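Asks: Chain by chain, the residues run as shown.
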Amino acid sequence: MPPARRRGLATVLALLLIAATAEIVLDGAVGHSALIPKSPDIAGWLAGIGERLGYRVFLIAILVFTAAYAGLILLCGRTSPDGISKRWAIVLVGVLQAMVFAGPILLSTDVFSYIAYARMGVEHGINPYLHGPVAIANDPVYRYVGHDWRHVPTAYGPLYTLLSYPLAPLGLKGALWGMKLEALLASVATLALTWRCACARGLDAVRALIVVGANPLYLIYGLGGAHNDLIMLALMMAAVGFTFADRDAAAGAAVVAGTLVKATVAVLLPFMILSRRRLATIAGAVGAIALAALIGYAAFGIHGIDLVAALNRDAAFVSTDSFATEIAHLFGKPGVFPVDHDLLKVALVLIVLHLLWRTWRGYDWVAASGWTLLAVSVTSTWLLAWYTLWPLPLAVVTRDRRLLAATLFIQALFIIHQTSPLFAPVQ
Amino acid sequence: MSDASEHVDPPSLRGLPRWLRPGSAEAGEPRRTRLIETTLLVLAGLLLALATVNDVARQTHVNQRLIADLRTWRTYTGHDYHNLSIDQALLGETSRREVICGNTSPGPPKARTQICLVIYGPIVDGHRAVHGGWYLPAEVEDERAYRYACFGPASLGRCAR
Chain F
1 MPPARRRGLA TVLALLLIAA TAEIVLDGAV GHSALIPKSP DIAGWLAGIG ERLGYRVFLI
61 AILVFTAAYA GLILLCGRTS PDGISKRWAI VLVGVLQAMV FAGPILLSTD VFSYIAYARM
121 GVEHGINPYL HGPVAIANDP VYRYVGHDWR HVPTAYGPLY TLLSYPLAPL GLKGALWGMK
181 LEALLASVAT LALTWRCACA RGLDAVRALI VVGANPLYLI YGLGGAHNDL IMLALMMAAV
241 GFTFADRDAA AGAAVVAGTL VKATVAVLLP FMILSRRRLA TIAGAVGAIA LAALIGYAAF
301 GIHGIDLVAA LNRDAAFVST DSFATEIAHL FGKPGVFPVD HDLLKVALVL IVLHLLWRTW
361 RGYDWVAASG WTLLAVSVTS TWLLAWYTLW PLPLAVVTRD RRLLAATLFI QALFIIHQTS
421 PLFAPVQ
Chain V
1 MSDASEHVDP PSLRGLPRWL RPGSAEAGEP RRTRLIETTL LVLAGLLLAL ATVNDVARQT
61 HVNQRLIADL RTWRTYTGHD YHNLSIDQAL LGETSRREVI CGNTSPGPPK ARTQICLVIY
121 GPIVDGHRAV HGGWYLPAEV EDERAYRYAC FGPASLGRCA R
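Those sequence lines, one after another, are chains F and V.
Residue 1 is where the first sequence starts when you use our numbering, and the numbers rise one by one after that.
Residue 1 is where the second sequence starts when you use our numbering, and the numbers rise one by one after that.
Hints were generated in silico from the structure; no laboratory data involved.
Computed from a predicted structure; not experimentally measured.
From the three backbone atoms N, C-alpha and C, an ideal C-beta is built for every residue, glycine too.
Don't take each hint at face value.
Said to hold, decoys possible - When the alpha-carbon atoms are kept at most 25 Å apart in a straight line, the in silico DMTMM-like pairs for lysine to aspartate or glutamate are as follows:
1. LYS345(F) / GLU37(V)
2. LYS38(F) / GLU139(V)
3. LYS333(F) / ASP87(V)
4. LYS38(F) / GLU37(V)
5. LYS110(V) / ASP87(V)
Stated by the list, open to error - Listed next, the stretches of chain F that the computed footprint assigns to chain V, with coverage defined by at least 3 CB atoms under 8 Å from CB atoms of chain V:
6. 318–327
7. 401–413
From just these sequences and the hints, can you work out the full model?
Replies: Structure follows, in structure tokens:
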């Protein structure tokens with residue numbers, strides 16, 4: 001295909017991405033939809049343009065977005081550098097991120113839990129590691145917190161909780177915009193670091209940017225819901241970048257910092273240590289753990305640093321979108337039983353042991369970490385869209401193409417699993 | 001950029017069995033291991049794809065049943081209300097028997113006296129059969145203690161009063 005034609009096709013696909021995003025954001029701004037959590041009016045200025053967001057329109061928009069995204073990735077693989085320019089890709093990803101940032105909170109009430117935990121600590125003097133948001137039932141944020149989470153203390157790390165504290169006094173709308181801004185900045189940092197890591201490894205940075213920054217789950221679910229997973233991803237990519245720059249102590253410390261946002265990213269550390277085989281990595285991590293334990297303990301007591309308890313609690317949850325539930329249904333079971341949790345844990349341990357051995361034998365630690373994060377999300381009985389994002393930035397900075405293919409495949413299955421209302425819409 | 005290939009491993013590690021010795025570069029990756037991994041990945045992918053497609057089909061069938069149930073509730077009560085609650089678990093997760101509750105007069109969800117219908121059986125002309133039910137006062141959840149005026153065989157023993 002001649003370069004001019006490729007560029008034309010890329011422009012059409014980009015316009016489809018923008019149109020699908022606009023449809024979701026503008027319709028979402030109207031509110032009164034099962035897909036849009038009850039929220040203070042922060043996107044009212046957009047509300048006059050769209051119509052109430054229904055499942056059908058949302059799913060069609062997501063499917064169009066996904067198809068255009070897939071087309072763009074295929075084009076990227078073949079056309080760069082003469083087809084899709086650096087500037088073109090940055091502008092596209094920037095426009096998509098700005099559109100989602102300007103719109104309402106999409107698809108999840110988690111951001112209200114973040115604000116509730118911050119307000120518990122700052123406005124009410126209640127330790128969010130000991131009590132759920134129900135402890136501040138008279139606070140204006142309480143009515144927006146998801147029903148399932150009202151009695152649940154925070155599962156996030158002390159670094160994230162402390163990062164959210166300055167937003168608590170800003171009022172509900174101020175805190176909401178603060179959370180959205182935090183998510184946007186974390187997203188930009190993740191993309192910039194992914195770009196840098198791809199360049200450091202001699203990989204196609206434009207393709208890496210588009211694969212992550214224009215990903216439908218990253219953009220609509222991750223950024224749209226202002227999820228703190230984006231902050232974790234930024235710290236994860238900082239750790240990868242530090243190892244590429246031979247700054248092993250900083251890399252170890254960055255992984256620990258990410259763990260103090262969301263514990264999942266801790267899986268990088270053993271692979272990094274096994275591969276790098278440098279004392280500096282361990283020293284950096286131990287130093288950061290000691291500092292964090294001190295600050296976490298001073299701020300929240302022993303519960304603030306007991307991340308294992310929070311992980312164990314969350315591991316017992318079951319979501320309808322998890323592959324464990326789907327496989328249970330495939331074999332005629334109504335759902336996941338306690339024994340299935342144990343089987344999944346055994347499977348995960350075996351996968352991790354194999355990857356550790358492979359890393360010891362010389363396999364790329366970044367890819368091994370990505371596989372582990374993918375395995376964690378696939379074997380989890382509590383799978384949410386943004387969990388499938390964890391391995392994505394790692395997948396575009398490794399030479400093992402199987403990781404990217406597997407990550408995108410899992411994401412595609414997640415999207416397909418959402419589509420049943422298209423075939424039989426319940427009204 | 002550096003990688004593990006730059007490091008020299010201590011002589012003590014040279015005594016390890018060959019498969020346990022530290023490797024140094026991806027170039028030396030055994031093709032057999034990669035082939036086994038890829039095969040397992042493809043098999044796992046097939047299982048997940050099959051489970052996903054099966055679940056979409058299953059959920060579509062559930063939705064078709066719920067559409068019929070909602071239509072049945074509206075026909076039975078004569079109210080074209082859309083804020084109805086559906087309980088699929090009360091009579092057993094896999095029983096395909098649903099309990100649908102809704103207001104008996106116009107108002108916000110659960111703000112009026114509610115009527116609950118026990119519905120099951122095959123879909124005929126877009127409806128399923130009503131096998132009983134009960135009433136609930138306003139502003140309460142469907143719990144045995146609140147149910148009254150039970151009717152039909154499916155409600156036997158389900159009312160407290």
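Asks: With reference to the structure, classify each hint as holding or not holding.
Replies: The hints, checked one at a time:
Among the hinted pairs, LYS345(F) with GLU37(V) is consistent with the structure: their alpha-carbon atoms are about 19 Å apart, no more than 25 Å. Of the pairs offered as hints, the one joining LYS38(F) and GLU139(V) holds, with about 20 Å between alpha carbons and a cut-off of 25 Å not exceeded. Restraint check for LYS333(F) and ASP87(V): the C-alpha separation of about 19 Å stays at or below 25 Å, so the hint holds. Between LYS38(F) and GLU37(V) the CA atoms are separated by roughly 45 Å; this puts the pair beyond 25 Å, and the hint is violated.
A distance of roughly 14 Å separates the Cα atoms of LYS110(V) and ASP87(V); the hinted pair therefore holds under the 25 Å criterion. For a cut-off of 8 Å, the count of residues in the segment 318–327 of chain F with a CB near a CB of chain V stands at 4, and the three-residue condition holds. Coverage of the segment 401–413 of chain F by chain V holds [criterion: at least 3 residues with CB-CB distance below 8 Å; count 5].
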